[in-house]
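J.: What follows is each chain in one-letter form.
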Amino acid sequence: MKVLQIAWKNIRQNPATSILGILLTAFGTGILCVLLLTSHQLEEQLDNNSRGIDLVVGAKGSPIQLILSSIYHMDNPTGNISLAEAEKLAANPMVKLAVPLSLGDNYRDHRIVGTDSTFLQLYGLELAEGRIWQEDFEAVIGAEVAQKHRLHIGDKIYGAHGLSSEGHAHDEHPYTITGIFKPAHHIADRLVVANLASVWRMHGDEGDEDVHEHGDEHYDENHSHDLAGVEEHEHHHGEQHPQEDGSSDHQDEPQLVKSIVGDVGTSEREITSMLIQYRNPAAIGMFPRLVNQQTAMQAASPAMESARLFSLLGIGIDSLQVLAYVIMLMAALSVFISLYNALKSRKYDLAIMRTLGASQGKLFGIVIAEGILLTFVGALLGIIIGHTALYLIGASTDGTATLLETLVLLPQEGWLVVIGVAIGFVAAVIPAIKAYKTSISQTLSGN
Amino acid sequence: MAINAKNLLNRITMQDYNTNTVIRLSGIKYRYRGGESLDFADLEIPSGQHTLMLGDSGSGKTTLLHILSGLLQPNEGTVQVAGEDIYALSARKLDAFRGQRIGLIFQEAHLVKSLTVKENLQIAQGFAGAKVNNDRILEVLTLLNLGDKIYSYPSKLSRGQMQRAAIARAVINRPAILVADEPTASLDDRNTERVLDLLITQAEQHGATLIIATHDKRVKSRIEHIYQVS
Chain X
1 MKVLQIAWKN IRQNPATSIL GILLTAFGTG ILCVLLLTSH QLEEQLDNNS
51 RGIDLVVGAK GSPIQLILSS IYHMDNPTGN ISLAEAEKLA ANPMVKLAVP
101 LSLGDNYRDH RIVGTDSTFL QLYGLELAEG RIWQEDFEAV IGAEVAQKHR
151 LHIGDKIYGA HGLSSEGHAH DEHPYTITGI FKPAHHIADR LVVANLASVW
201 RMHGDEGDED VHEHGDEHYD ENHSHDLAGV EEHEHHHGEQ HPQEDGSSDH
251 QDEPQLVKSI VGDVGTSERE ITSMLIQYRN PAAIGMFPRL VNQQTAMQAA
301 SPAMESARLF SLLGIGIDSL QVLAYVIMLM AALSVFISLY NALKSRKYDL
351 AIMRTLGASQ GKLFGIVIAE GILLTFVGAL LGIIIGHTAL YLIGASTDGT
401 ATLLETLVLL PQEGWLVVIG VAIGFVAAVI PAIKAYKTSI SQTLSGN
Chain Z
1 MAINAKNLLN RITMQDYNTN TVIRLSGIKY RYRGGESLDF ADLEIPSGQH
51 TLMLGDSGSG KTTLLHILSG LLQPNEGTVQ VAGEDIYALS ARKLDAFRGQ
101 RIGLIFQEAH LVKSLTVKEN LQIAQGFAGA KVNNDRILEV LTLLNLGDKI
151 YSYPSKLSRG QMQRAAIARA VINRPAILVA DEPTASLDDR NTERVLDLLI
201 TQAEQHGATL IIATHDKRVK SRIEHIYQVS
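In the order they appear, the protein sequences are chains X and Z.
Take the first sequence: its position 408, counted from the start at 1, is 408 in the UniProt record's numbering, and no numbers get skipped.
Take the second sequence: its position 78, counted from the start at 1, is 78 in the UniProt record's numbering, and no numbers get skipped.
Be aware that a few hints might be false.
[Claimed, not checked] DSS-like mimics (lysine-lysine), calculated; alpha carbons at most 30 Å apart, straight line:
no.	chain 1	residue 1	chain 2	residue 2
1	Z	K93	Z	K156
2	X	K437	Z	K220
3	Z	K118	Z	K93
4	Z	K217	X	K362
5	Z	K217	X	K434
6	X	K2	X	K96
7	Z	K93	X	K2
8	Z	K220	X	K9
9	Z	K93	X	K434
10	X	K96	X	K156
11	Z	K220	X	K362
12	X	K60	X	K434
13	X	K344	Z	K217
14	Z	K118	X	K437
15	Z	K29	X	K347
16	X	K60	X	K2
17	Z	K113	X	K434
18	Z	K156	X	K2
Because the hints were derived from the structure by calculation, they are not lab data.
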């Protein structure tokens, strides 16, 4: 029999204490695993959602709130900004892409976002089925919205005022679903996207027919929704073309849209915020200052605010990590006590093994193997618990967790197993030394 | 208190000192931690002989048995077993030597509780450096009427079955020497006879030299050669 087999048999001999050690290790590892996965997913989500967005321009207020409401669609907006002001910024040569956002309603907690076709371009969204909006009150929904609420093309949905589903329902203007986005694995999966005019009209603004005609014309002409279509739109509206502004470093770039005027056609209105993509890195230092000092708006950098947000969340994560380490310490103590106590009842077993030819090193190895096995099994169980917990949390909160996602293992989880094994080793060292030093003669003589 | 065993009755006859000596003890002295010391008479035991080490409790029988089994190093003297000065061997080699050449049986069976009867015999083979031989295990257990207990855990065995399993474990590697320490101490007459029968039979079947240390005078009639320790 191999050392591991003997160790495993010994573990099974004391099920109660062994299970305690395994469970404590499992809980500690499970908590660490959940923290690892959530912080990883959070970081990934923050990264995915803000990818390609260099700046958010919105009403003055908390920059974190502006980022949360405009990129992560989690908080109330800071207010509205003048469309005319936004247009001026969008026309700045430093700006490559400007995406207007108009918020205010939700469909069952999914934000309804009024925007234009540049939104698709910014997030690299593709349609899984259907088409993009061509009329007011036509909407394209994210993959998660479709799956969660079993929505299909042609279905009508009613928005509710505000950012939670408990707001006043807009029964008078249902949105007709014309398209469903392919899963993008970021915030767009959870949004309902329509044109700006829909959001304005929903809130009683019926005044500017030009808006609708303009918007309709735009989508009629650009229903293929690819970059070429967007480019056509840009030319059609005769907006400032990047090549015309004197910058020459983007000859081969797709012609990108600054489409606010194109879609909206008026400077009397307000939008919630605007997502900006810079033309070149030089804008990083200059453009936010320009916004903050020369306009009534504020500029917030997603990179900086996300880092700040993550560091704030990090305090909570650190606290939970401390808790997990305390549990792991208790697991180590439990394994130590279990092995140490077991030695008393197994002293004859160990002495007999020596009489059978087992070396001192072998006895040391058997006890160490027991400690390692206990925590190894505990660590593996902890990882399973962690993934299961995450799946259950995801399923119970927004019903979007998939088994496949929870099956993905991070390389860092390997370290959790290594930590578990190391704890088992450390906990077993003293009992193992005691086993190593077992005096066969004294034990067998009963002295 | 020094116990001098040299002047005590040693009934190992001269004709037993043949050339095929398997155990040779000379000048053995052992001092306990408390300062108490024991001097043992020189002793030579020929291969295949059955020897009884007789003495009262506390006389040093077990100490002597442990010394000649390589479990307890004496302070002075040499111990040769099967031609090997065992305390000149490294600790690791001595462990292996003990596993291969010496079979030990104690008053209590001391089977490893977490292992089945078969596994108890498997570790005896494994620790001795031999390949696990399940045929041999079955053969020995069958000889000892334990063929149906091969997968039983010690907790499921009767006292007699445990004792037989311990004997099976001791003989599994065909040791040169079979050493039994107080094997009949807590047994009634009938069971004492049965255990002695088993030990003698097994020693003869495996060609092993049998050494029994006991204070049990019932054993005297069964073993011809007696070494008195007191």
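J.: Which hint numbers doesn't this structure obey?
T.: Going through the list in order, the structure violates hints 1, 2, 4, 5, 6, 8, 10, 11, 12, 13, 16 and respects the others.
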